[in-house]
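**Q** Assemble the complex: chain A is given as a structure, and chain B must be docked to it using the hints.
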Amino acid sequence: MPRWPVAEPPAAPDVSVVLIGYNDRANLPRAVRSVLNQTLRNLELIIVDDASTDGSADLAERLTQDDARARVVRLPVNSGGCSRPRNAGIDAARAPYVMFLDSDDYFERHACKNLLVEAERTGADVASGRVVRLNLTKDKETPWAKDLFRGRAVYQGIRENPSLFFDPLSTNKIFRREFLDRYGIRFPEGVHYEDSLFSTEVYCQAATIAVIPKVVYYWRVVEDAEEASITHRRHEIENFRDRIAVHRMMDDFLRAHGAADLKVHKDFKFIRHDLKLYLTDLAHRDEEYQKRFMLMAAEYLATVSEQTLAEVYPLERICVHLIRRLDVEETLRTVDYLRYGFKLSTDLVERDGRVFWTGKYLDTPEDRAVMDVTEMGFHRLPFSRINFYNQVTSARVDGAQLHLEGSILNQLRRISADDEISLLVSVRPRGRSARRTLPVRDWTFDGSHLTYRAVIDLNRALGPLDQPVPAWDLRLEVTCNGETAITTFSIDPGLVSGHPIRVRGRLARTAPGWVEPYVTTKLNLSLQQSADSKVTAVAERVSRFSARARGSVRWRSSRAIGNNSTLKAFAYKVFRRLPVQRGLAVFESHMGKQYSDSPRYIYEAAVAAGLDRLGLKPVWSYAAKRPEGFPADVRLVRRESWRYHFDLARAEFWVDNQGLPRAFARRRETTYVQTWHGTPLKRMGFDSPALERAGAAVRRQHRAMMRRWSALLVPSEYFVETFVASYGYEGRLVRKGLPRNDLLVRGVDDDWVLAKKRQLGLPTDRRLVLYCPTFRDRARRLETPYELPLDLELMRRSLGDDLFLLIRTHYLDTLKLSNRFAPFAADVSKHHDVTELMLLADVLVTDYSSVMFDFANTGRPMVFFTYDYEDYVRDERGTYVDLPDIAPGPVVGTNEELIEALLAVDKDVTVYADRYDAFRERFCTYENGHAAEHVVEAYLARRGES
Amino acid sequence: MITERTTHPQDVFLVANNIDELGGVQRVTHNLATMLHQRGHRVTVVGIQHAAEPHDYGDRPYPWLVLNETPEPPAPSESGLRGRLDPRVRAARAASTAARRSAVQRLSALFAEVEDGVVVCMQVWSMNWVGPANTDHLHVIGMSHESFDATLGSSRWERVQQWYRDVDLLLLLTEHDAHRFELEGFTNVGVLHNSLSFYPETVSDQTARVVVAAGRLAPEKGYDRLISAFAKAGAEHPDWVLKIFGTGPLHGRLVKQVDALGLGERVMLPGLADDMAAELTSASVFALSSIHEGLPMALAEGMACGLACVAFDCAPGVREMVTDGVDGVVVPPRNVEALAAGLSRLMADRDLRLRYGGAARESVRRFAPDEVLAAWEAVFDLVER
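As they're listed, the protein sequences go chains A and B.
Sequential numbering of the first sequence, starting at 1, is according to our numbering.
Sequential numbering of the second sequence, starting at 1001, is according to our numbering.
For the record, the hints were derived by calculation from the structure and aren't laboratory data.
By construction, the Cβ of each residue, glycine as well, lies at the ideal position given by its N, Cα and C atoms.
Hints are not guaranteed to be accurate.
[Stated by the list, open to error] Example chain B residues on the side facing chain A (calculated, C-beta under 7 Å, incomplete):
1. N1188
2. S1282
3. E1377
4. D1381
5. R1385
Extracted from the complex, chain A is given alone in its bound form (with noise of 0.2 Å):
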């Protein structure tokens, strides 16, 4: 319901939002809905249709005819682009601010009154707002320039924060009409990139220039669509010519008003941003294309200077020297790394000591310096993480084989002739981990490539056709000498056909399906199930019918009742009178997500014991859907299931670390074990708030579950003072250590060591930092995904030579590291025993974890990253000590001061001998190595028969 009297359109409008059109009836309903419904009622809409032929203007009128605030002019002749039909909005527009608006995308519905009112309060000539790209092709939504809308920020100028050049758009922002009138700023008519020039006059102009963190603006994106809109043809010589043109006019504007020096800050993104763009699709293109835009860009570069070129990643820099060559193949071997998945293409140089991109270019010192990529560290990767670049030098179907012939780059000639080889084609569904192999046996070598042949019998490397999502991704394993290095097929699309190939799939593999080989984003090859024939659509119901059969039978019978918990709880009753089976001992980790922490090295000196000499039956508890990580050689449980209720109810031994379902209760006859997975720093138990407001309910079930233990594994006086005495625990504590930190206590030999990080493939030549943020439960509930503090390019910089990161984020948390990173970090996450990383660790790198007290325990260099200290100590918890009072290493704040102790961290240890000392004295008293043992032999072997 329209809430503004619409007889009379108001007086004096806040804000005229000036919505333009051409031909676009579709789309021009919702952008002027999304004007009108508009918290902020006080404002005018101009729709300015651009002599529109599919009666739009006449829709606009229909649209808007019930509201007195809109109006719609109609340009007598179309004007082919944006500025016109805008600059006509803004000379009919009657208030002091204005706003643009394209048919087909739309405002946030507070967009205008949050604008407003931030122009108003900072008295800015130009606020802006945040905005969502919707790809409505990929149906997904991305943030758009984000780092610029982080928060809410006021610039006197745009010398005080140069990057405002990566938001362009007009569309997100608010304009004073004043200050547009006064330094007489339109959009420049017959240009594209019309936004381009217009938002660096409003930028060089602007004396005030304020930034909200709210989202305003909703970007809708259609990719490779008909009528895709002007910015998105990109695949026409002349739209780069258009964009290289009015570079040069904010080129010309800058010179012209003063402000040159801002160039710099310009090509920057001009370079990290447009000519990507570019780049990106330059490989699709024709050589007739290629050599124009060669010429084009190189023209335009050449006014780049050498200032912004120390600012740029080094193989941007690199590319941008190969374009001002005409280099094409070159250039696209470097985009072959920074846009289509960091493949290497290009044949890296070794020369005295220094790696080089390519071979050619190294005539003089200036140039070998643009070409040296020494300090990437390309020549220090594992083999394992090696991204070899594979090339598919003919595709062919035959009936349902595929017929794949390629070479393989031995990138720094890592592969030799007396190496041993081995290839395998792996096809994996997509989203999923199970992958299908054969072995590939047709290859020679002859040094400098890896020549294959394969033949891939799509009737067995499928699988089932029915997938989640219906893709399958082909893969070419090399594996030299017992290190394996993953490889896709590059492609070029014109050697895939697309033809659909029959392949059987369906209904137990009775029914045919078709699938088709294609090329994805970046350029690998791929089959994808296929829009098919009659005969394969009734089989495709048919499974689709029988799955969702299958899907609601197991509905029913996982909830009525295979899993009514009810009953479970029941029997759990009625097997409690059963007989308890001697030695059987029910193992758990983390509520069965892992095989990990203490209870799996009690397990481990059990089986060094001798579980015959024991008489111990152990059995795993998990909570995936699938045990994976798991020993092979033990019997698995799922938790929660019956035969989990049945084990637990008869099991004379319970190990965990965490705590089994509180509706288990224990039986006199069973000895419960409980490691606990740490020692606290946060304030625990009934020492939270959490806790101590909860009802007396709450309280009682958390004593309940407590009492079920029969002792309790503690490795600190500390521990007692905090865990023990918040949750008023008063059993029996065993003053022997953490069975989890015997081996941080006794250390591996070299061998171990080395053994595992080939396994991992982690570089052996570097010290490596092990970096364990603890989880930040407050982000949780949250749909901000987990942001890595770390300034991973400022860190490779200055300590790549000599370090090596490994980061442990919390499960919960997932992270994406970039590729580019893959010399100098990795992602060790999923790996399931944290020991084990900390027993290759030299240096630990952690915030608030409780892994401090652990690693402690190796007497080796710690450094505290207490980015957020303040927010994180100051929630609702709080901590029992205060971290700067007991760290054992230097606290740092910021990235600066993080890579300056780590520089400094042999120095340090001399600094910090004494605290460290207290630390372990105060956090690891009763360490000592064999916890684990002793646990053996004081509880699990007491009814053995030794």
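**A** Frame of chain A; chain B shown alone:
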């Protein structure tokens, strides 16, 4: 205090979970209602249900009502087959739904009595009724009186997501909290402080050698640390005393601590003050020793009375209120030594106290009742624009 009547009287509904409990939100609600009423706005205060232990707020000059005289029957939690088939469960669910529908209708009828105006939901739970009611002709403003983290860690987060994304304006207590909501995609957030209950004409003349603190005697207020710090600082300034106003579970323990330190003469725990403004103006230094705070209004009251304050840097709200070295002393949280040093510095220097006290009074001017009222009227204008 508020004499001038508005020229644009508004219809305003203030809706809280209940309006008769002895609690912070209820106090804020009635204070706000009184201020708006005095300005000439037509205020109605609505509680969804009665408090478990009602408190007598006396005669109110504005209408107030309780939507549900008896609590609504809870919806049964049984799901699955039993939830669908068991007639008792079905009947209970139907009764619960009917009760809710009827309550929402009563609320809609109440709202329909006015042509336009504003509904302010003091707490998100009440959105369960305001949300479904007909508010097309009204502006709906949501409020949250706790920190973002506290909301996030509670069951209220789901309701905040469900209801507060769509309200015309969501008001938070601090800029910090507002920004956290912004980062979660809330585009409708704004900031509005709670009001002080007084902003006295006369202020402390900084002659009384009294340090004062006020709040519940509970662990999170950190009074044990304050007493330790006072013992240290007071050793050099033997003519100073400390008064901690308030009641609470730690009373006995604090008395014991005072006795053990031999400070029985100099540290007083007088309970609740009858006239807090008078107590504050007759002191010189205000101490905030809390471990956690939202936006500590007790501190603001001390500042309004021209006291020089020393505070633990325990919450973003403290830093929004005090600027170290300008209008008070801010020391690292839980650090007794630093707190003692801060107290000592203020005790030794009357000129410094006068300077800080004067600046403090100005800096909390924005929490004064008339300022907060003006902010509310600006909010009414904003939603109306």
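**Q** Each hint should be assessed against the structure and marked as holding or not.
**A** For each hint, the structure was consulted:
| no. | hint | result |
| --- | --- | --- |
| 1 | N1188 | holds (5 Å) |
| 2 | S1282 | violated (32 Å) |
| 3 | E1377 | violated (15 Å) |
| 4 | D1381 | violated (11 Å) |
| 5 | R1385 | holds (5 Å) |
Checked against the numbered hints given earlier, this structure breaks hints 2, 3 and 4; the rest are met.
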